[in-house]
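Chains as they are written, first to last, in my numbering: chain A, 1 to 429; chain B, 1 to 245.
Check the hints yourself; a few may be wrong.
Cβ pair distances, simulated, as ranges [to be verified]:
#1 149/A - 232/B: 52 to 60 Å
#2 188/B - 33/A: 15 to 23 Å
#3 255/A - 97/B: 53 to 61 Å
#4 79/B - 410/A: 44 to 52 Å
No lab work stands behind these hints, which were simulated from the structure alone. The structure presented is a predicted model; accordingly, all values stated were derived computationally and were not measured. Beta carbons are placed, not taken as given, at the ideal position from N, Cα and C, and that holds for glycine.
Here are the chains, one letter per residue:
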Amino acid sequence: MSAAQASAWGNLGWPPAAEIRRVDTRDADLPAVAGTLLPYGNGRSYGDSCLNPGGTLLATRGLDRFIAFDADTGVLACEAGVLLAEILDLVVPRGWFLPVTPGTRYVTVAGAIANDVHGKNHHAGGAFGAHVRSFELLRSDGSRRRCSPAENADWFAATVGGLGLTGLVTQAELQLKRIAGNAIAVRNVRFSGLDEFFALNAEAEREHEYAVAWIDCLAKTPRGVLMGGDHADADLPAPRGGRNVPLTPPLSLINHASLAAFNAAYYGKPWPAAQTVHYRPYFYPLDAVGHWNRIYGPRGFYQYQSVVPPAAARAATGEMLAAIAGSGQGSFLAVLKNFGARSSSGLLSFPMAGTTLALDFPNHGAATLDLFARLDAIVRAAGGRLYPAKDARMPAAMFRAGYPRLAEFTSYVDPKFSSGFWRRVMENN
Amino acid sequence: MQKILIVGAASAIAEAAARQWAGRGAALFLVARNAAKLEAIAADLKVRGAAAVSTHVMDATDTAAHAAMLDAALAALGGLDVALIAHGTLPDQKACEASVELTLREIDNNGLSVIALATRLANLLEAQGRGTIAVIGSVAGDRGRQSNYVYGAAKGLVARFFEGLRNRLAKAGVQVLTVKPGFVDTPMTAAFPKGALWAQPEQVARGIVAAIDRRKDEVYLPGFWRLIMLVIRHIPERIFKRLSL
Numbered sequence: 001m002s003a004a005q006a007s008a009w010g011n012l013g014w015p016p017a018a019e020i021r022r023v024d025t026r027d028a029d030l031p032a033v034a035g036t037l038l039p040y041g042n043g044r045s046y047g048d049s050c051l052n053p054g055g056t057l058l059a060t061r062g063l064d065r066f067i068a069f070d071a072d073t074g075v076l077a078c079e080a081g082v083l084l085a086e087i088l089d090l091v092v093p094r095g096w097f098l099p100v101t102p103g104t105r106y107v108t109v110a111g112a113i114a115n116d117v118h119g120k121n122h123h124a125g126g127a128f129g130a131h132v133r134s135f136e137l138l139r140s141d142g143s144r145r146r147c148s149p150a151e152n153a154d155w156f157a158a159t160v161g162g163l164g165l166t167g168l169v170t171q172a173e174l175q176l177k178r179i180a181g182n183a184i185a186v187r188n189v190r191f192s193g194l195d196e197f198f199a200l201n202a203e204a205e206r207e208h209e210y211a212v213a214w215i216d217c218l219a220k221t222p223r224g225v226l227m228g229g230d231h232a233d234a235d236l237p238a239p240r241g242g243r244n245v246p247l248t249p250p251l252s253l254i255n256h257a258s259l260a261a262f263n264a265a266y267y268g269k270p271w272p273a274a275q276t277v278h279y280r281p282y283f284y285p286l287d288a289v290g291h292w293n294r295i296y297g298p299r300g301f302y303q304y305q306s307v308v309p310p311a312a313a314r315a316a317t318g319e320m321l322a323a324i325a326g327s328g329q330g331s332f333l334a335v336l337k338n339f340g341a342r343s344s345s346g347l348l349s350f351p352m353a354g355t356t357l358a359l360d361f362p363n364h365g366a367a368t369l370d371l372f373a374r375l376d377a378i379v380r381a382a383g384g385r386l387y388p389a390k391d392a393r394m395p396a397a398m399f400r401a402g403y404p405r406l407a408e409f410t411s412y413v414d415p416k417f418s419s420g421f422w423r424r425v426m427e428n429n
Numbered sequence: 001m002q003k004i005l006i007v008g009a010a011s012a013i014a015e016a017a018a019r020q021w022a023g024r025g026a027a028l029f030l031v032a033r034n035a036a037k038l039e040a041i042a043a044d045l046k047v048r049g050a051a052a053v054s055t056h057v058m059d060a061t062d063t064a065a066h067a068a069m070l071d072a073a074l075a076a077l078g079g080l081d082v083a084l085i086a087h088g089t090l091p092d093q094k095a096c097e098a099s100v101e102l103t104l105r106e107i108d109n110n111g112l113s114v115i116a117l118a119t120r121l122a123n124l125l126e127a128q129g130r131g132t133i134a135v136i137g138s139v140a141g142d143r144g145r146q147s148n149y150v151y152g153a154a155k156g157l158v159a160r161f162f163e164g165l166r167n168r169l170a171k172a173g174v175q176v177l178t179v180k181p182g183f184v185d186t187p188m189t190a191a192f193p194k195g196a197l198w199a200q201p202e203q204v205a206r207g208i209v210a211a212i213d214r215r216k217d218e219v220y221l222p223g224f225w226r227l228i229m230l231v232i233r234h235i236p237e238r239i240f241k242r243l244s245l
């Protein structure tokens, strides 16, 4: 893999790593290099949390072997670079599913651990780390630790959500979830206004394992569609994929006119009240279009994902949406969801009880950063925080304010490990 | 259920091919030098659905060990449908130029050891009157170039030897397949900058499995290399020798 091939999903033009070293066997030692190391999985983090400009990246996609799978208990052991997609392809036909899955299946297992990813079932199942039985952590001093909630529990808590900074995860053991078929029964409900969203969402969380809303963030009154889902006892043929954005267009295809038109059309399209679909379009609608990130053009894009605690959720979310609509910038990928009370496993885990809002913004330079500064103020005032996996610009103070266990975490950072994100939020004050 | 022997089973292309066969429920016998790596691969293939996986530690250049390995493979698999010879090394051309010993060792790694294996396999499959011998050659074997002619010479030797075997075994109903991959993004080529011509091991592996299924004789992978090599093979030597290739 050449340096140019290790990019982050937002295409924001970060400086390259000095070197990329492949890790192809789980028993290999870490390479002896002069500078810093950072594991690099499939590059689906949006900003610089998966990059190490000027340092060495440990490319882990070669660690893609399964170790064991017990089809009776649903316990799967695999190497760190296995993609969630590869797990699903293996286990869904055998009646098992990931206990928690993010919105793309093209992330590695270790990437899912390092970011303690969440899904549409956080209210029911918590975050990814809650279902990790154990993993092996290889440190630059050559030590290998088996970490679980019971064994080396402190290292487990530091590494889940630890952004790859505590060492290299080489392999992991996951507890999967039993399913009766590959289909999801979906209930779609349109809503208009945040009050309606919160009322409908509370009901959806009681009734469904999965609940997530798409919102039209450009509308004067926030409106959208709430999608509740449950695994269904049915098997459907996998939808045909294969659409791809073959190259980066010279200009972003996302602008106010295209967004407003898309959002209005999407909101207005006929939404069946109930439908049964293959799991892929429900969980991974964007995975159907390869390299969709290229539509934002050569300047790339940002994602802004925040969470604010329940007490402030209604007001803060409303303020943020008003600021976004007022700015005229926005996203056709706006997602609104509640996190449940189940506490996260990691010291730096992003999910906490409250409401999370995630939006993509084309990179318009200062105008975009100005909007983010306004959103930051709302999130901070509400006692919320931003998601490092999606971040490319949060100020150091914002990071410190959002993650009260940061000081505890830093003692577990491997002295040889660093990332662009880590230097940005720890060294620039 | 296909009964498949893979020599050089820890190579990226071979491992990717083994995954395809495992997904179909094949029985596999894997041969490589590194026992730990072999065990990791075997466990993976079992999870992916292989009916059975056995492993055998052997250095392919140890030709005296070939016969015992084949006996073990036949015993473990209970027969043999496909043998894929996939081991190899990518020589440092400059170092070879400075060392006769290294040059000969690379020819042994990539050429002579393959011929030794293929000779035994050919006799075995000819006697049973069916089966497949496939070898991973290279586009580098089609023409000698200053940048890697030691590797190219060994792969060329293999290609010509397999041509002869194919001619001999056609009567016996045995498939003899020469695979000629172009540039493949594997640990062996980790140091090279990658461009548009580079393929992933999975892509090449799919081509190998399909070529065996379709009983092909020779296949370039990905297929566009057939065209590229057609052009390269036809450049007159008088011009070719002056090119920096």
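- Which of the listed hints are not met by the structure? 4
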